[in-house]
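If you read the sequences in order, they're chains A and B. Anchor point for the first sequence: position 200 equals 210 in the numbering used here, and the numbering is continuous, going up by one each time. Anchor point for the second sequence: position 69 equals 79 in the numbering used here, and the numbering is continuous, going up by one each time.
There may be inaccurate statements among the hints.
Because identical chains cannot be distinguished in the list, a pair is counted as satisfied if it fits within a single copy or across any two copies.
Keeping only pairs whose Cα atoms sit at most 16 angstroms apart, straight-line, the calculated EDC-like set for lysine to aspartate or glutamate is [to be verified]: (1) Lys165 - Asp143; (2) Lys202 - Glu172; (3) Lys202 - Glu190; (4) Lys202 - Asp177; (5) Lys202 - Glu130; (6) Lys105 - Glu130; (7) Lys72 - Glu88; (8) Lys145 - Glu157; (9) Lys165 - Glu117; (10) Lys145 - Glu160; (11) Lys193 - Asp111; (12) Lys41 - Asp111; (13) Lys202 - Asp111.
Rather than coming from a laboratory, the hints here were simulated on the basis of the structure. Note that the structure is predicted; figures quoted are calculated from it, not measured.
Number of protein chains: 2
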Amino acid sequence: MHGLKRERGILFVISGPSGVGKNSVLTQLLKEVPGLCYSVSATTRPPRTGEVDGVNYFFMSKEEFLRKVGTGDFLEHEEYVGNLYGTPRGYVEEKLGEGYDIAMDIECRGAAQIKRMMPEAVLIFLTPPSIEDLKARLLGRSTDSPEVIEKRIRKAEVEMGEMYKYDYYVVNDELELAIEDIKKIMWAERLKVARLAKPSVTK
Amino acid sequence: MHGLKRERGILFVISGPSGVGKNSVLTQLLKEVPGLCYSVSATTRPPRTGEVDGVNYFFMSKEEFLRKVGTGDFLEHEEYVGNLYGTPRGYVEEKLGEGYDIAMDIECRGAAQIKRMMPEAVLIFLTPPSIEDLKARLLGRSTDSPEVIEKRIRKAEVEMGEMYKYDYYVVNDELELAIEDIKKIMWAERLKVARLAKPSVTK
Chain A
11 MHGLKRERGI LFVISGPSGV GKNSVLTQLL KEVPGLCYSV SATTRPPRTG EVDGVNYFFM
71 SKEEFLRKVG TGDFLEHEEY VGNLYGTPRG YVEEKLGEGY DIAMDIECRG AAQIKRMMPE
131 AVLIFLTPPS IEDLKARLLG RSTDSPEVIE KRIRKAEVEM GEMYKYDYYV VNDELELAIE
191 DIKKIMWAER LKVARLAKPS VTK
Chain B
11 MHGLKRERGI LFVISGPSGV GKNSVLTQLL KEVPGLCYSV SATTRPPRTG EVDGVNYFFM
71 SKEEFLRKVG TGDFLEHEEY VGNLYGTPRG YVEEKLGEGY DIAMDIECRG AAQIKRMMPE
131 AVLIFLTPPS IEDLKARLLG RSTDSPEVIE KRIRKAEVEM GEMYKYDYYV VNDELELAIE
191 DIKKIMWAER LKVARLAKPS VTK
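Extracted from the complex, chain A is given alone in its bound form (with noise of 0.2 angstroms):
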């Protein structure tokens, strides 16, 4: 950019409360930002139809992603369901080294664990305009029972109040205002003067 020397690409977490609709934003923001990367996840579940290695997911055995967590090999993981689910530190570390910006999405809890892992992380929240906004979409959205969307909306309450510990808040009023919103992040994060190659301006 300009003749001045990124060091690397940045991670961009996107997290936020279940239901506030973290995937349509990050679907609509690779589409719409050159060069971005999705983080391709590991997991222990059977690929599915079609489903290709290293490009939808990092197939592996149960065995081998317990020994990989053991190594800090994954910069978070957790169970779904029967089956784990990770971020692959070596992959994501290559892509960036490679200049190349990730943006994942990801549940509160496992974008804290990231943050923990790679500080220099940004992790954008995404907020709903209001906590009544949120439970009208969760009990709009779903097809699972008054208990299970009762659950929802508790955990949604607790995870609102994490986001003091992230650096940006995006509200997701309409879709486009908070994509706006994630590419001036990501263009004033790319402007970082501790994100440049040191030393000084090549010439």
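Chain B: place on chain A using the hints.
Same frame as chain A, but now just chain B:
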């Protein structure tokens, strides 16, 4: 903004080597960014015809100025051609407290002073595309003697090394692009969680 309340405004300090175009950038920003205030300086220089106290400058005696220096009432100050100039902390704090963002342009030394006095200020380093470009600008626009120009160039070269003390860098190659960069920085800084009034989201 969307029911989230900012604690207060942000002080944006635009600096960089002599001749890079700080003042042109600031002038354009003040035109384009709604609600952005200019920081009114204090000076011991007598008012010129048409200059209004509190609008163009806060005019004061040398005694008053020095007393204020002693009580820490300036974010930075310097002497120029026998007169004292300074940025009054009280005025800046008042505007920020009212929620206005402030932008100012200043020499590198003053910018460093401000960051010490107010660490939450956002320092933007305006840089030329190259040292050669800066030299050409200083040579081209100046009506001064070769000795004076040479002195300025040497000063600018030293000032280029100051960049690594700043928060952001913006290359001033084309004015419009530099303005866009700074506007995105301003937008992103407003989305920082750390700048939100605590606690929590208003419902």
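Structure-based check of all given hints:
Proximity of Lys165 and Asp143 under a CA criterion of 16 angstroms is satisfied intra-copy only: 15 angstroms inside one chain copy versus 56 angstroms between copies. Taking identical chains as interchangeable, the C-alpha atoms of Lys202 and Glu172 lie at most 16 angstroms apart only when they sit on different chains, with a minimum of 14 angstroms there against 25 angstroms within one chain. For a Cα distance limit of 16 angstroms, the shortest separation of Lys202 from Glu190 across copies, 15 angstroms, qualifies, whereas the shortest one inside one copy, 19 angstroms, does not. Both within a single protomer and between protomers do Lys202 and Asp177 lie at most 16 angstroms apart by alpha-carbon distance, with minima of 14 angstroms and 6 angstroms respectively.
Proximity of Lys202 to Glu130 under the C-alpha cut-off of 16 angstroms is found in both arrangements, the shortest distances being 12 angstroms within a copy and 15 angstroms between copies. With identical chains, the CA atoms of Lys105 and Glu130 are at most 16 angstroms apart within one copy only, with a shortest distance of 15 angstroms there and 32 angstroms across copies. Proximity of Lys72 to Glu88 under the C-alpha cut-off of 16 angstroms is restricted to the intra-copy arrangement: shortest distance 12 angstroms within a copy versus 66 angstroms between copies. Proximity of Lys145 and Glu157 under a CA criterion of 16 angstroms is satisfied intra-copy only: 13 angstroms inside one chain copy versus 70 angstroms between copies.
For the identical chains of this complex, Lys165 and Glu117 are intra-copy neighbours only, at 11 angstroms inside a copy versus 50 angstroms across copies, given an alpha-carbon limit of 16 angstroms. Taking CA atoms no more than 16 angstroms apart as the test, Lys145 paired with Glu160 passes inside one copy only; the shortest distance there is 9 angstroms, against 66 angstroms between copies. In this homomeric assembly, Lys193 and Asp111 come within 16 angstroms of each other (Cα to Cα) only inside a single copy, at 12 angstroms, whereas the closest approach across copies is 21 angstroms. In this homomeric assembly, Lys41 and Asp111 come within 16 angstroms of each other (Cα to Cα) only inside a single copy, at 14 angstroms, whereas the closest approach across copies is 33 angstroms.
In the homo-oligomer, the alpha carbons of Lys202 and Asp111 lie at most 16 angstroms apart inside one protomer (14 angstroms), although the nearest pairing across protomers, at 20 angstroms, exceeds that limit.
Of the numbered hints stated above, none is contradicted by the structure.
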